[in-house]
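> Going by our numbering, the sequence shown opens with residue 137, and the numbers climb by one from there.
Do not rely on the hints blindly, as some may be mistaken.
Using C-beta positions, here's what the derived DEER-type ranges look like [claimed, not checked]:
#1 Lys852 - Glu761: 21 to 31 Å
#2 Met239 - Gly495: 33 to 43 Å
#3 Glu141 - Gly471: 41 to 51 Å
#4 Pro578 - Met239: 35 to 45 Å
#5 Leu629 - Glu457: 45 to 55 Å
#6 Ser282 - Lys570: 14 to 24 Å
For lysine-lysine, the following DSSO-like pairs were computed, each having C-alpha atoms within a straight-line distance of at most 27 Å [unchecked claim]:
#7 Lys250 - Lys270
#8 Lys764 - Lys847
#9 Lys614 - Lys188
#10 Lys847 - Lys967
#11 Lys251 - Lys158
#12 Lys614 - Lys591
#13 Lys324 - Lys251
#14 Lys655 - Lys158
#15 Lys574 - Lys638
#16 Lys173 - Lys638
#17 Lys607 - Lys407
#18 Lys437 - Lys462
#19 Lys381 - Lys317
#20 Lys140 - Lys790
Quick caveat, the hints were computed from the structure, so don't treat them as lab data. All C-beta atoms in this analysis are idealised placements derived from N, C-alpha and C, irrespective of residue type, glycine included.
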Amino acid sequence: MLKKEIVENMKHIVDNCMGDSKSACTTACPMNTDAKKYIALMGDNRGEEAIKVIREELFIPRILGRVCAHPCESACRRGEEDEAISIAGLKRYIADNYDNPDMWDLSKKDSTGKKVAIIGFGPAGAQGAITLLKEGHEVTIFEKNSFSGGMLRYGIPEYRLPRDIIESEFSLINRLGGKVKFNIEVGKDICFETLEKEYDAVLVSIGKQIGRKDRTLDNHDAKGILTAVEFLKEVSLTRESKEAKGNILTVGGGDVAMDCARSALRLKNSKNSYVLFLEKNLESLTASKHEVESAMAEGVKFIPSFGIKEILINEEGRVNEIIIKKCESLFNENGEFSPKFNEEEIEKIDIDTLIFAIGQGVDLTINSGERFQFNKESLQNEKNPKIFYAGDCASSNIVVQAMAEGRRAAKSIIRFLNNEDVWMGRDITLEGGKSETKLYLPTEYLPESWNLDSKIKRRKGEELDPKERIKTFLEVEKTFTHKIALEEASRCLQCECKLCMKECMMMPEYTSCPKELFKEYLEKGYENMDMNIAYSCNECKQCTIKCPNSFEIRENFMEMRKEYVKANGDISPLDGHTGLDDGQELECSKKYSVTIPGKKQTKYVLIPGCTVPASFPELVEETYEHMKKTLGEDNVGIILQCCAKPTEIIGETKLFEERYSRVQKEIDEIEADVIVTLCPSCYLTYEKYSGRKVISYWDLMKEEIGIPKDKKDIGKDSDVIFNIHDSCPTRYVTSHHDSIRWVLSQLGYKVEEMANIRENTRCCGVGGMLGCINADLYKRIVDRRVSDATQDHIISYCGSCRGSMELGGLDSLHILQLIHGSCYYKKDAKKRSDNYGLHNRLEAKRRVSK
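Produce the entire structure from the sequences given, and follow the hints as far as they go.
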């Protein structure tokens with residue numbers, strides 16, 4: 137059974153891993169559109185695939201590319217560093233250039249015989265219709281106006297949204313078999329009760345088509361005073377306004393106010409267009425920055441920090457002047473909207489038309505004037521289960537949110553028609569509710585090269601000349617060119633975590649992310665999982681280093697190995713470890729071991745490990761002699777015996793304890809004060825278990841004895857430039873990194889640092905004894921590490937690492953070969969692993985014993 141802390145660690149990873157978390161742009165979208173995916177496809181010049189991704193969720197991509205409030209961009213991670221990706225602009229480009237009505241998905245289930253009435257043909261009603269039609273239900277839409285689109289058509293000016301686009305994209309409902317009855321106003325032309333009786337369910341999706349005026353003001357109903365809704369609707373249908381003329385002033389600070397002010401400029405009978413608002417400056421407006429800038433460019437005049445005090449009219453009963461008063465503050469001490477005015481600081485403005493853009497409401501006449509009452513999640517009427525709501529009449533404020541509510545209401549209707557609970561098991565965060573992602577990457581974890589000096593800034597589409605465009609209702613902003621679209625797509629950071637997966641070469645063979653893997657372990661039990669997973673870990677800890685949450689993954693696998701061994705009679709269950717075990721027993725045996733204490737007191741004992749004696753017995757002797765010369769023969773001893781670390785690595789705890797006890801007995805018997813190591817794994821093993829001070833030979837030279845005197849600057853004439861491969865077991869022992877580089881500088885050799893060094897070094901492939909069970913993965917890890925090199929010659933200070941670098945094709949040396957050798961030249965390059973073996977262990981024993 138795994139230790140409690142290991143199980144808790146796995147749970148912690150499952151609960152907090154960001155590996156499967158969606159990008160912020162996707163979760164911010166009420167329709168959960170995978171912006172990251174379609175932008176990536178566009179960046180790869182695969183527009184046909186990109187539009188398919190968009191259409192999986194959105195039936196009006198061309199419309200949304202123009203008028204969506206794009207909450208995705210507000211959530212964009214890049215926006216926190218410079219400017220957000222123009223997601224709407226890219227959506228528009230993809231839809232304008234790659235959307236093909238002949239490729240639209242018209243598939244739907246067989247007819248259920250159930251009928252649903254939908255009131256209102258805006259984005260909410262249309263989306264609800266699509267969802268219901270695809271489920272096989274019959275849908276009839278009742279629209280009081282003459283055209284599709286709802287407030288998309290009547291509330292958004294044509295210069296922002298051409299009408300042919302609305303007709304084209306809303307045609308999907310007809311193609312799916314939906315029926316639309318125009319010029320039918322429920323409550324007047326047909327009773328709501330009739331729909332209740334004749335249909336199995338009713339979806340109310342009417343927009344906010346009732347404008348508001350400030351009715352506290354005298355003369356608010358005078359001639360020339362309009363609401364934004366009625367003004368924009370008339371302009372939408374006729375491109376003119378019978379009532380609006382001359383100096384036109386709009387009250388309000390949102391996008392609707394900008395639409396009114398800009399539309400007013402385009403009227404034949406207009407002179408000037410003004411916007412009056414309470415906020416202190418343009419930056420404080422709720423209107424989007426782009427809309428404000430466009431209005432300014434077209435000549436709209438802004439009057440900040442004022443509200444209307446009085447409306448004056450002429451003898452014909454038409455507004456001809458307003459008195460405005462200074463707004464000193466917008467909110468009270470509780471943060472509530474409560475404007476405070478200076479009644480003494482006033483001004484007069486001559487106007488001919490006044491438009492109130494201060495809010496809109498829903499026409500409640502279909503409900504006998506009563507407010508709609510419904511469950512906020514299922515959108516089902518609290519009293520009549522046949523009735524559902526979506527869009528402006530529910531809680532939506534923006535187009536894409538209305539669509540999400542239309543879909544959510546439709547799913548509730550589908551359950552209702554199937555006699556199922558309308559909400560059980562559903563998650564509002566996946567159906568348009570407020571959703572947040574766990575995914576957040578600190579700046580230092582963002583993709584490399586994102587912030588180069590040459591980085592591309594946010595791109596914008598070209599616009600018509602302001603002086604010319606105010607003469608027509610032609611679309612102002614142009615779609616991106618292909619070049620701009622590719623450039624803008626390239627700015628996307630493609631936010632995802634999976635940093636451990638990108639670094640680790642083992643985990644991707646078994647899972648998509650740690651959360652998925654350890655969830656499976658918790659559900660199935662480690663004993664029912666493939667043992668090769670745990671045994672393929674290299675123990676390098678790069679996963680933890682790369683993880684923004686510093687999850688400890690290695691520890692889980694190491695503990696599993698111990699449990700697998702326990703269940704197999706204290707021996708590794710993998711056949712590949714048989715040879716390793718046999719070799720370990722020999723290396724720990726008396727035949728290949730020797731202990732030589734100092735002549736008087738063993739203050740320092742050199743324990744060179746296994747791989748160096750098995751490769752370079754002469755270097756063991758040279759190191760031993762160097763220590764004796766500098767520290768005194770009386771004080772220096774040597775123990776030639778294995779620490780049994782490989783046994784511990786494969787989980788054989790009992791065998792490790794027994795094998796290690798042999799070398800510990802030798803250490804205790806000679807009463808050594810300081811253990812000097814040549815092997816990084818030996819260093820950690822003795823530091824953990826020996827109870828003695830442990831120091832590497834490299835640190836000993838830097839701190840106490842120096843390099844051999846006759847080797848000072850020996851490499852200054854060498855034609856070789858070396859890379860240094862740092863050992864991963866001692867990645868956090870920074871003194872080793874420093875000392876190795878100090879030694880090479882003392883020797884006079886030239887060094888060029890490679891990628892992934894010191895604390896961030898990569899494993900050579902040997903660390904977890906991987907080569908015994910998965911030679912292919914081991915070789916790929918070797919090759920990946922070798923690819924970090926910038927030179928053909930590399931130095932290691934671990935015998936196993938040296939061998940791996942040679943396997944990868946580099947001229948690979950152990951640093952001892954430079955410390956105790958002659959000047960090294962390129963011509964000296966050769967393979968050195970052919971002579972590796974236990975016979976060298978015996979030679980090392982002979983050399984130090986003479």
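> Report the numbers of all earlier hints that the structure fails to satisfy, in ascending order.
6, 11 and 19
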